[in-house]
Structures are given as structure tokens and as C-alpha cells.
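Undergrad: Assembling the complex is the task here: the two chains are given apart, and the hints tell you how they should meet.
Protein sequence lines, in the order shown, are assigned to chains H and V.
So the first sequence is numbered by numbering that gives the first Met the number 0: it starts at 0 and just counts up by one.
So the second sequence is numbered by numbering that gives the first Met the number 0: it starts at 0 and just counts up by one.
A portion of the hints provided could be inaccurate.
Lysine-lysine pairs mimicking BS3-like chemistry, simulated, CA-CA at most 27 angstroms apart [unchecked claim]: (1) Lys85/H with Lys245/V; (2) Lys165/H with Lys150/H; (3) Lys48/H with Lys245/V.
Chain H side only, calculated, beta carbon under 8 angstroms to chain V, not exhaustive [as the list claims (entries may be wrong)]: (4) Pro36; (5) Ala43; (6) Pro79; (7) Lys85; (8) Ala96; (9) Val98; (10) Gly126.
What the hints contain is simulated information worked out from the structure, not anything from laboratory work.
Note that CB positions come from ideal geometry on N, CA and C, so glycine has one too.
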Amino acid sequence: MSKVIHALYDDDEKLLDGVKALRSSDIHIVDVYSPFPVHGLDIALGIPKTRLAICAFIYAMTGFVAAATMMWYMMIVDWPMNIGGKPSFSFIENLPAFVPILFEASVFCAAHGMVITFLLRSWILPGVSNKNPDPRTTDDLHLVELDLDDKEASEAVKILKSSGAKEINEK
Amino acid sequence: MNYDFTNRAKMITYVLMGIGLVAVIMGFVSGSHASWGNLLASNFFFLGIGLFGLIFLSKQYLAQAGYGVVYKRVPEAISQYVLVGGPIMLLILIGGNHHIYHWMADGIMDPTSDNYDKIIAAKEAFLNKPFFYARAVIYIGGWMWAAYALRKLSLQQDLNGGIIFHKKSITAAAAFVVFFAVTVCTSSWDWLLSIDAHWFSTLFGWYILAGLWVSGAAVLVILVVYLKSRGYLKDVNDNHLGDIGKWMFAISLIWAYLWFSQFMLIWYANIPEEVTYFKMRIDNYQYLYFGMVLVNFCLPFFILASRDAKRNSMFIVTVAVLILLGHFADTFIMVMGGTVGADWTIGFVEIGTFLGFLGLFLFVVQRSLAKASLNIENHPFLEESIHLHH
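This is chain V alone, in the form it adopts within the complex (with noise of 0.2 angstroms):
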């Protein structure tokens, strides 16, 4: 059975995405700082729920687990958003150069220039234009490939059955993964750390892998209670849900570990150079960013504890909504402490940009949806997922 993308569906997803040009525009006419930070924020946040889609299908192949394969199609159709995602990436980048990266700007490598930082320009070797933009290239690149390849052998096993394409989505798995270990952590310390670029943190990576992957796990839930409250996804039971709710809590506390890890050191240590990043923050973001930890951490720590309320639609959908909103907030602040720094708001533009990227991820996840049928035929686990029970 197919999803049905109704026009009042895409009517919706039309809508948030004329708010977000609008937003986009307005953002442009009062700052450029400003828009092209938001459309980072927006866009990377949308990007990583989509390589949550990868990331869930890989390790579902990888560690041959067949919990998730009757709603294997909603990660499959999360992931495709990388492929609109990624090149508007590239674009940001882009437009965005000197804008959201302070180390682009002119002459600033140059020592004999006014604008001279001698330590970015020590960074040079890593830090420079060519390499930054092959890179951001390359990591693209590869995750396209992924989220291209997945889905289409996962669309062929269904239509011709057989073990072997099973046996190529693992291969194809096993090479994202490795791909992707390294590539994430490259990514974010191109994109968000290297904004702040006389910072540096170790754990940066693991800390937006983490971030992401409980952003994606988030949007799994509401869309899989979503499609079961349509009435698609009749295999799906509690047991399944449970299963989403335990990742959403599990990696919402390797979140909370890693950004406590990052913070408490250089609280500790108390050195300037490392100080001023997270000082910069809590001084002008101070109820934002204490209000997401809270949100990203507390709350599905007590909430989703229960086994019961991991099994409840209602909560989980609940708390799902507001770790999305959260983690946006983590990855807002990330972007905007370094562009705009105290000059920060949040008002029309900025809700509207999140809106219209909400906007275009959900059309794309929905047109995915609607594109194969959502029950899953010819898949080895597939008997396995049916029965799932703990």
C-alpha cells in the first residue's frame, strides 16, 4: 500500500516552504550575517535528520537486525533528503563564505594586511578555500551515493525477492559507515566548528553525530505513529514503538554525556582561549541554552525512563516534538554565538527559514513515501519484524 500524498498534504508543505522564501528574502533586505547563519542552522539540522535515515538503515543491515524492517521505508524516505539537502549545502557554503566563516575573510591569512589573525592563519593548512570546498564535495558526494544506493537496492529486493541485493545494501552499508565515521566529524568541524575558528574541541564530532541521530530518531517516531494513525504500517506494534523510544532515550543521554563532557573540562581548566566559546553563549543565550539542555537532556531522562511511556504514542510523539525543538535550538545557538554573536534574535526570519526548510523536508519525505508501497516484501528479517515482542 502506498502512502497518499494529498494535495491538502502538499498544499501544507507549499505553504511553509512560500513562508520560508519570504523568510529567507526579508532576512536578506536586513542582514546578511544573519540570513546566511539561519539558512546553516536550518538546513544542517535537516540534513543530519536525513543521514539519521542512513545511519538506521546501515546499522540495520550491518548488525543484521530485523526490528526495524517493517517501517523500513520511513528512515529510507528520512534519508532522502539528503539528496536535495546536500547540494543546498554546498550552495550555503557558498553564498555564505566570509558571512557565517570569520576565516575567509580577506587578508585575514595575510600578514602583512591589517585584517592578519596569526592564529588562523596558522590553520592554513586545513583552513583554506579549495580544500574546504573539495571536501565539503566529497562528503556530499558520498552521502548521496549512500542514501541513492540504499533505497534503490532496498526498491529492487522488494520487486525481485532474493538474497543478493539483501547481501549488496549490506556492502553498501558497510562502505557509508566507514565513510561516514570520518566524514561526520570532518563535516562538523568544517561547517560549525571552524566558524568559531580559534576554537577547537576534540569530541566536536561525536557530539553532532549525537545530536543528529537523536534529532532523526525523533522525527522517526512521529512519522511512524503518523503513518499507523493514517492507517498504513498495520505490522507496526508497541513492541516496535518501544523499540524508537529506547534510541531517542539512549542517545539523548550519549548526548547530554557529550556535551557535559565538552563543557565541564573547560569549565575546569578555566583557560581563556577555550573559555570564551561557551562564555560567549551562556552570557548572551543565557535561558536558550540552558533551556535545551534541560529539554534535551532532563526531560526524556525522567519522561522516557518508563517502559510504559516509551509504549505510548501520545508521550512519545510529545517528547519527540520537543527534543526536535530543542536540538534546533543546540544547533541554532552553535551557528548564530559565532556570526551574529550577541546580536542574535529570534523573530519572524528566523522561525520562518526553520519553517520553510520544515516545509521542504517534508515534502520530500512524503513524496518518498508515496513513491513505493510502505509494506515490505521479500526482506529476510521481514518474518522476524512481524513477531517482534520483548
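This is chain H alone, in the form it adopts within the complex (with noise of 0.2 angstroms):
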């Protein structure tokens, strides 16, 4: 039989300590939910370091090159621009009119990427259903989820309580 346990903390130093007691002890930790990020929590949770920041480089590149290759069709090639009084008619020597357009493209979808990535990767959606287990984490409660089979459960309230646990409530 296993066993939900949430454990409220009213303090994120003790939400510190307690994360920090249950990892050494190699209990699973599900989740945390807090109203406001705490220090050093990701730290503690174990938790990999985001790759969002690789995800915006390769959208930011889509970008430059799209940008790129627009520009060099539409200017170039299929209808040659007199670009600043210099007809030079060569993507390379035109770059510089080029630049701008290629730096607001590569932002553009850096940030419309990352942001549509973290709401899939995060699954928050028009239409999905809220899935904090417990309002209080909105306003001033931190909470820690643990899903545990019944012998595991019993040392894990345990150590929830020595590390100052407010409320823990198992299901």
C-alpha cells in the first residue's frame, strides 16, 4: 500500500532542513510547492540544472538563419535592392542593413520559444486542471509531497516532524 503524505512548513529555513534530513535518508521526494522561490532549494531537491538555456540558443539560431535566408531570397535574389546608395547586389557587403533584422529575429524566437517550451515542459495550459494539492502553498505555506509505502511512510513522518513540520496529512 502506498502512501501520500504532504508535510506544510510555515518557514523555508526549516523546508530546508527537512528536504535536506529526507534526501540523506534516501527518501523519494515527489515535489515541493512554495509561494515563492527559496534559496538553495534546487540545491537541496537534487534537482538537474535546467536546459532551457540550450533551448534558446538552438531557437535563437532557427531565427538567424530564417532571418538569414529571407532576406537573402527577398533582397538578393528575387529582387535586388539598392541598399543605402551602395547597389552592390552582395548579401555580404549589405550585412550590416542586415544585422538589426537578424538580431530581432533571433530574440524573437529565443523568447517566444523558451516560453512556449517551459508552458509545455511545465504543462500549464488554457484548460488543464490545477494541480496544487493544497491552496495554502499560494499564500504563506510551503509543502513537501512524498509517496512512500507504509514502512517507509512511518520514518519519513518522523523526520518531517523532528525537522519542524506545521501539519502532515497522509492519504
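TA: Here's what the structure looks like:
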């Protein structure tokens, strides 16, 4: 029989102590809900570094290449333009005129791509139901969620209590 | 723990200064335009790095930032170069006058003279010798006061404690920032922009500010890593290093943004009186000019973008050294393009002058590092700084 435990803390220092104690006795933590970002919680939970930055780089490069291709085709190939009184009709010699668009397209794609990736990855979409187990975590309480079998659960509750959890709910 | 300014380190700075002295003398034997230009470029470069020390300290105080407290003595030591480089700057401006600044030549403002230049004469209200030198004295005086005051208050705080010196530092920093915001622009117009008196650029001051800021951040990185490797600054960890790396990264991009803004508008409009500045430099300094842009923009952009690279001291020091060379090339082209134009060279005189000022800078910085303990005490944000993590 597995048990879901919700431990509520009213202090972020106590929360950090609790999380560290649980991790040091090899108890798996499903998730932590908190009303504000807690310094050092990511490290204490052992969450790997975000890969969003890598996505950002890829999206920016996509935007860069798309904008370069578009301008090369429009301004050089399909309808050669006389840019700034310099009718060279060469992409590289007209590059200064293209740089602002290359920059903006890269930023546009990086920013939108990151937001969309983040929303999809965290599954925050219109119509998705609320995953928050206790509405008080949006106000003043931190919640640690555990999913354990009976034997581990009793040990976890002990650790949670000794670290100063305000309230422990078992389901 | 005080920094130990060893005899060997002293010897190195003396040798560098000696090379500089020989180079300057050799330069004057062969021609004064280039020599005064060299002196201006080298001293302005290091004076700018000194000013970065003041900017860094001021913004720490004003933003109530804690992250830089553990290595606060380093920007303080860098800022002490202002006390030496400032007066030298004044001497260079006095000695260099018409060798550097064409608008100071005899009869240039006189309609009856053969030398008369209508465009320059129209700028006489701003570009005249008494006002020029009076301005220079005001800038340098103000900066030297800030370098003296911020250092003194910081040392008193270590000795006596209490919040009073911190509050006084905030006041001094606020006064400096307001004064510097104006004078960094006007001084770069005076000292660098007016070399090409026909040409003007409205964002020149910010461009110079970004350049000296990123050079200063590079020097800060190198000094912090060096001091750490010698066993000082025990509280400095990868997070502190990463923060200085972020400054280097961010300001490199701002510098590139301003460089390109200045270049692109003039390139696009293609107005003869504006493009001369760039045409002259691109034609005569081709590889150096675009090489400098590559080193100052592409290199930090691609290398420092990653979080791990900013925390690796070998990586970050290598990038810092290259950025410093790149920004010196930038200053060099700005000055030499106006003073000697196409007749530039890079030889013993140019490199020697740079090394001479490097020696002087290292001497001043190391001497002030040795004067006070590198461990900060009684600073209200010290605890926060020690526990910095991201």
C-alpha cells in the first residue's frame, strides 16, 4: 500500500532542513510547492540544471538562419535592392543593413520559443486542471509531497516532525 | 591578510616601466605625433580601467549589492590608478596639444590665416584651449576625489566599524555616479572625439564607457583569479567568479551594440562628412579594425555564454586577456586614426609604451593591495557575500 504524505511548513529554513534530512535518508520526494522561490531549494532537492538555455540557443540560431535566408532571397535574389545608395547586390556587403533584423529575429524566436517550451514542459495550458494539492501553498505555507509505502512512511513522518513541519496529512 | 608585494613582483613592474621609458624616448626621437598619440592611447586605456574600479565600487554601494564585498579591495586597488593616471593625463594633454589635437594648431580659428578651417572655427565656443584645460582639471579633480574618498571610507570602516562609514560611502558613490555620468561623456568628447574635430558622434561617450567598463571587468577577473591562486581571498568561490564573468559578457555585448549602432547608421546614410572617420580606419587598419570587433564581440559572446565557462578560471582569464588586447586595439585605432592616420605602425615604440603604462598600473595596484588587509571587516553585506550562491 502506498501512501501520499503532504507535509506543510511555515518557514523556508525549516523546509530546507526537512528536505535535506529526507534526502540524506534516501527518501524520494515527489515535489515541493512553495509560494515564493526558496534559495538553495533546487540544490537541496538535487534537481538537475535547467536545459532551457540550450533550447534558447537553438531557437535563436533558428531565428537567425530563417531571417538570413529570408533577406537573402527577398533583397538579393528575387528582387535585388539598392541598399543605402550602395548597389552591390551582395549579401555580405549589405550585411550591416541586415544585422538589426538578424538580431531581432533571433531574440524573437529565442523568447517565444523559451516561453512555449516552458509552458509545455510544465504543462501550464488553458483548460489544464490545477495540480496544486493545497491552496495554502499560494499564500504562506510550503508543502513537501511524498509517495511512499507504509514502512518508509512512518520513518518519513518522524523526520518531517523533527524538522519542524507544521502539519502532516496522510492519504 | 595583506598582499605581499614581493621584490620579484616589484622588479617586474620596474622592468616594464623601464621598457616604457626607453620606448617613449625612442618615440620622441623619431617623431612627436605618434609618440603623443601612443602616450594618450595607453594612459587613457589604463585610466579607464582605474575609473572602472570607481564605477564598480559605486554601483555596489548604491544598489546595496552584497556579492562583490569579499573582493572589494581589488576594485579599490584598481581605482587608485586614477590618482596617478589622472595627473599624467593632464601632462599628456598639455604636452601633446597640437601634436594630438589638430584644432589646437596655430591660426586654425583665424579667418585671415592660411591654416583657417571654417568647420573647426565654428566649434570655438567649446573647443578652445582655456575651456579645454579647465574641463580636464575638473574631470580629473572630481575622479581623484572619488578614488581618494571611497578608499579612505572603506579603510576606516574596517578599522572602526559601524554603519556611519557605509552611509558616507553611499553618499560619495552617489555624488561620483552623477558627476561621472556627465564627465565620462564630455571627457571622451574632449580627449578622443576632438582628435577628429570635423567628425562627431552622439553616442561616443557611451561607447567609451562600455569599452572602459569591459576592460576593467577583465582586469578585475585576472586580479581576483591571480590573488586566489596565490592563496589570498579565501572566501571567493566560483559564484563570485561567475558574477564578474557575467559583467564581462554583458558589457561586451553592450559595447558591440554601441559600436554597431555608431557604425551602421553612418554606413547606411553614407554622408561624406560622416563616413570619413570609418573609411579612413577601415582602409588603413583593416585587419586590426575588424579583428578588434571579432575579439571584443564574437569571442566573449560564444565563449562566455555558457554558465560553466564563466566559472572556469583558466577559460575566463584567457578571454579576459584577449578582451583587454582587443579594447586596447580599439583605443589605439581611435587615437592613431586621428593623429597619424595611415602612417601607423606597431613596433617597439607602441608596444613598449603600452608595457610601460602596464608596469605603472601593476605597480600602483599591487602597492595599494599591499597597504590594507584583503579580508574585509565590518561591512554590512559581508555575510551575504560569503554565502553567495546561485
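Undergrad: Each hint: holds or not?
TA: A quick look at each hint next to the structure:
no. : hint                   : verdict
1   : Lys85/H with Lys245/V  : violated (39 angstroms)
2   : Lys165/H with Lys150/H : holds (22 angstroms)
3   : Lys48/H with Lys245/V  : holds (18 angstroms)
4   : Pro36                  : violated (12 angstroms)
5   : Ala43                  : violated (11 angstroms)
6   : Pro79                  : violated (17 angstroms)
7   : Lys85                  : holds (7 angstroms)
8   : Ala96                  : holds (6 angstroms)
9   : Val98                  : holds (6 angstroms)
10  : Gly126                 : violated (35 angstroms)
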